Structures are given as C-alpha cells and as structure tokens.
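> Protein chains in written order, with our numbering: chain L, 529 to 797; chain C, 3 to 191.
Don't read these hints as lab results, they were simulated from the structure. Warning: the hint list may mix true and false statements.
Label pairs and their in silico Cβ distance ranges [as the list claims (entries may be wrong)]:
id	chain 1	residue 1	chain 2	residue 2	range
1	C	L96	L	G605	53 to 59 Å
2	C	L96	L	E739	31 to 37 Å
3	C	P78	L	G605	26 to 32 Å
4	L	R554	C	V4	53 to 59 Å
5	C	G14	L	A562	56 to 62 Å
6	C	C94	L	Q567	51 to 57 Å
7	L	A562	C	R83	33 to 39 Å
Predicted model, so just to flag it, every value in this text is computed and none were measured. Note that CB positions come from ideal geometry on N, CA and C, so glycine has one too.
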Amino acid sequence: MPEVAARHTDPGADQVPRGAVLLEVRDVHKSFDAVRALQGVDLTIHKGQVTALLGDNGAGKSTLVRCLTGVHPPDSGEILFAGAPLRLNSPDDARRRGIETVYQELGLIEDLQVWQNLFLNRELTYGIPPVKVLDKKRMISRSQQILQELDVNVPNVRTTVRRMSGGQRQSIAIARAANWGTTLVIMDEPTAALGVRETAAVEALIGRLRESGVTVLLVSHDMAQVMRVADSAWVLRRGRAAAHRRIDATSGDELVGLITGAIAGDIDA
Amino acid sequence: MVSGLTLLLTQGNTVPVNSGFLRGLALGGIGPIRWFWLVALIAALVVGFVLFRTRTGTHLLATGGNIDAARGSGIPVSRMRLYAYLGSGLFCGLAGVLLVARTGGADPSLQTNLLLSSIAAVVLGGSSLFGGRASVLGSATGAVLLQSLINGFTLIGISSTTNRSRSAPWCSAPPSCPDSRNSGGTRNA
Numbered sequence: 529m530p531e532v533a534a535r536h537t538d539p540g541a542d543q544v545p546r547g548a549v550l551l552e553v554r555d556v557h558k559s560f561d562a563v564r565a566l567q568g569v570d571l572t573i574h575k576g577q578v579t580a581l582l583g584d585n586g587a588g589k590s591t592l593v594r595c596l597t598g599v600h601p602p603d604s605g606e607i608l609f610a611g612a613p614l615r616l617n618s619p620d621d622a623r624r625r626g627i628e629t630v631y632q633e634l635g636l637i638e639d640l641q642v643w644q645n646l647f648l649n650r651e652l653t654y655g656i657p658p659v660k661v662l663d664k665k666r667m668i669s670r671s672q673q674i675l676q677e678l679d680v681n682v683p684n685v686r687t688t689v690r691r692m693s694g695g696q697r698q699s700i701a702i703a704r705a706a707n708w709g710t711t712l713v714i715m716d717e718p719t720a721a722l723g724v725r726e727t728a729a730v731e732a733l734i735g736r737l738r739e740s741g742v743t744v745l746l747v748s749h750d751m752a753q754v755m756r757v758a759d760s761a762w763v764l765r766r767g768r769a770a771a772h773r774r775i776d777a778t779s780g781d782e783l784v785g786l787i788t789g790a791i792a793g794d795i796d797a
Numbered sequence: 003m004v005s006g007l008t009l010l011l012t013q014g015n016t017v018p019v020n021s022g023f024l025r026g027l028a029l030g031g032i033g034p035i036r037w038f039w040l041v042a043l044i045a046a047l048v049v050g051f052v053l054f055r056t057r058t059g060t061h062l063l064a065t066g067g068n069i070d071a072a073r074g075s076g077i078p079v080s081r082m083r084l085y086a087y088l089g090s091g092l093f094c095g096l097a098g099v100l101l102v103a104r105t106g107g108a109d110p111s112l113q114t115n116l117l118l119s120s121i122a123a124v125v126l127g128g129s130s131l132f133g134g135r136a137s138v139l140g141s142a143t144g145a146v147l148l149q150s151l152i153n154g155f156t157l158i159g160i161s162s163t164t165n166r167s168r169s170a171p172w173c174s175a176p177p178s179c180p181d182s183r184n185s186g187g188t189r190n191a
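Start from the sequences and build out the full structure, keeping to the hints where you can.
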C-alpha cells in the first residue's frame, strides 16, 4: 500500500478557481438488481461552496455519495472532476484525489486517542522499513495545530475518543476529513444525533471550512440547518435531480415541497 | 480442532521429551535470573513495541476496536486479523516449548486449565475481550498474579477442583467492570 502520509492534492482540482464547477455529474444511472437507485442524475458542485444534497428516503442520496466516494461505480453516465472524467475503483482512489467523507457513524476508534484517530491510516513514521516507528511527537503537535485552526474544542489531544462528547467526536471526524480532504468533503447528516449547542458548534465549524475554501457536500434532512449553512441545494427525487435552488433565493418550505413532490421541480414539465 | 489432534497424537498419555537444550532452558539462566523470565521479558517488549510504537500496531488496535471504522479508513482489516492470529500462534508455540521444557514432557491434559487461566490473566490485566484495548504490562501482571494465586492454593493444600472454581469467577468479573482504561489493542496470546 502506498504511503499516505502526505496530504493529497489533486492538481487538476487546485486549478479550478473558487466558485467554478468542481464536480459535474452527468446522466448517472445506478441499479441494484431490480432497484433503480439513480435514474439519470445531473448536478454540479461548485468549488469553495457548501452544497446541500436533499431528498426523501430512497431518493438516491446515499447511492450518489457512494458513487462519488468510490464504493461502487455508476452503471452509466459520467462524473467529471475538474473537467476530467473521474473513474474510481475503490474508496482509496477517492481518498487519493482528496475526497473525504464523514459518515453518520463517524468512523472513529473509541479506544484510540484523538491524535491517533486524526492520523488513522496516515501515520507519520520515521525509520527504515520494515521497522517503522511512529513519530508520535510530530503527530501530536500537528493534531493540536489542526484542531486549533478549526477552533475545535478538544483540550487535550491525548485523551481517548471514548471520553469525548457527541459534538466533540463529530468535530474531530469533520476536522479529520477537512484536513485530508483537500478537494471535497462529504458530510452525511453531521448533526443528526447532537443537541442544540453541539449542533451550533458543528455548524460554525462548517462555516469556517467554507471560509478556508473547502468544498463541502452536505447531505441533510434538517431544512433549517440547510438554510443556515448551505450556499445552494440539489433536491433528489426518485433517482433524479428534481431541482436546484440557491439558498438565498428559496425557503425551507419550498425545499420541503420540492422533496415531497408537492412543488414541481425543474425537470417536471 | 488442534486439541483433538493433540489427544489423537498422544493417545491421552504424556509424551516424555528428552532434550538437553530444553533442560538447560528450564534450569539455567544468567545469575539468579532464569531463562524463562528473560524470554517472557523479551516477548513482552517485542509485543509492546509492535502494538504501541508501530503503524501496524495502531492498525491492529483500530481493527480490534471498530472494524467498520478501520475498514472505512482503508486499513486492510483481513490482513490485520491474519497478523493477530499469526502473532497469537507464534507466542502460543513459544509458550508450548517453554512448558515442555519445564515439565519435561508434553502433557495433553494441561491445555484446558491453561486456556482458561491465560484468558483470565489477559482480561484481568485490562485488555478487552471484545478487542480494541490491550495492555502488555497488564497482561504480564495478570499472569503473575493468577499464577501466584494458583501456586498459593497448592501450597496451602487446597484441592485442584476448588482451585478451578476459585479462578473461574475472576474470568466473569472483569467484563462487568465498566471503563477500566488502559491502552488499546487485540488480545494477547
């Protein structure tokens, strides 16, 4: 396995100016036996913005995310990343392009310390193979730096994740994704299990990510959150992108209507 | 399966082993320190180093702690499990050789006693039965403690059946203790 110690930047993605199209999904189809999860999705994600992906259960959000993160390739259609076709054969491919995901289960190891989780599978080492010793000092100080930059409230990076609150864990998972996800950070319901204060802290973190130029794809059921945090929203309905709205030109009610089908989307003629 | 094979091979009898090397291993040492202690110390140091100071060790701990999260991070979990079983087998083999050296023969009936005691020792020391948490110092301390207990029982003449019933509760108690924090990992041999 190649050394994944450095942050992977995608040179193509770096060329894309802020605000321009970073990712383009063209007519993507994906079926699982009889279930047609995606039936021709067309959408675009702009660099440096927070794009929300909305849709009811079964609309195809998770399937689309899995196509973007290399879990399974689409059956047909194209995904263009910085203008070039994106062909991902595994989640590792996606990671190498700088695409990171924060899943609902967070993917943290509870009995490992914060810095160990931040550097999971990307540990800094020194020494000659096969004997490679962990460079704990560097990882600990770099972890402190990462969390400080994102203003995450974790007093000591040497405590185990088990002792952290839900909001802290969520912030650690997001900080990890944001640190290694130099091109795109995908978040799946990041505040679903959090209380009001912790949700506010995570939303502030997402805001800081946007300010530092990180592109975020936010999958959420929380309309109020989407209205607070996102720049634009795509609504999926039955495997198709039913509508696209800029957040400053829409409302929570309109988004809900588009999700349920009460309001006609862009593709419903 | 292996214990069945053992019984088959030995026909249930103890197989005497005559080896000068093994006898020297059991009886000799450097000064007052017997070889056995040195071997145990080196084994503990090696395991401690691998688990807590190398990348593979961290990956082992991660796989034991949360296999889905580990897999999601790109850690080759199947390979990690293979390493865990390989390591366990290696140290079990080593322990077997030391045991044969100590008792002068291969006794197939020893396996049941030692199995329970060894698990008890590791769990007493703070490692988690479910994986994710391990402590080399803890396991070593647990082993010494448990063995002292058993030796003590023998010394004051308590029969071996009572002996077994006394060490059994030690096995069931630790899992019910919440949050005994140590470092993390997969089960030691």
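> Please go over all the hints and tell whether each is borne out by the structure.
Hints and how they fare:
no. : hint                          : verdict
1   : L96/C with G605/L: 53 to 59 Å : 57 Å, holds
2   : L96/C with E739/L: 31 to 37 Å : 57 Å, violated
3   : P78/C with G605/L: 26 to 32 Å : 31 Å, holds
4   : R554/L with V4/C: 53 to 59 Å  : 57 Å, holds
5   : G14/C with A562/L: 56 to 62 Å : 58 Å, holds
6   : C94/C with Q567/L: 51 to 57 Å : 55 Å, holds
7   : A562/L with R83/C: 33 to 39 Å : 35 Å, holds
The structure fails hint 2 only (numbered hints given earlier).
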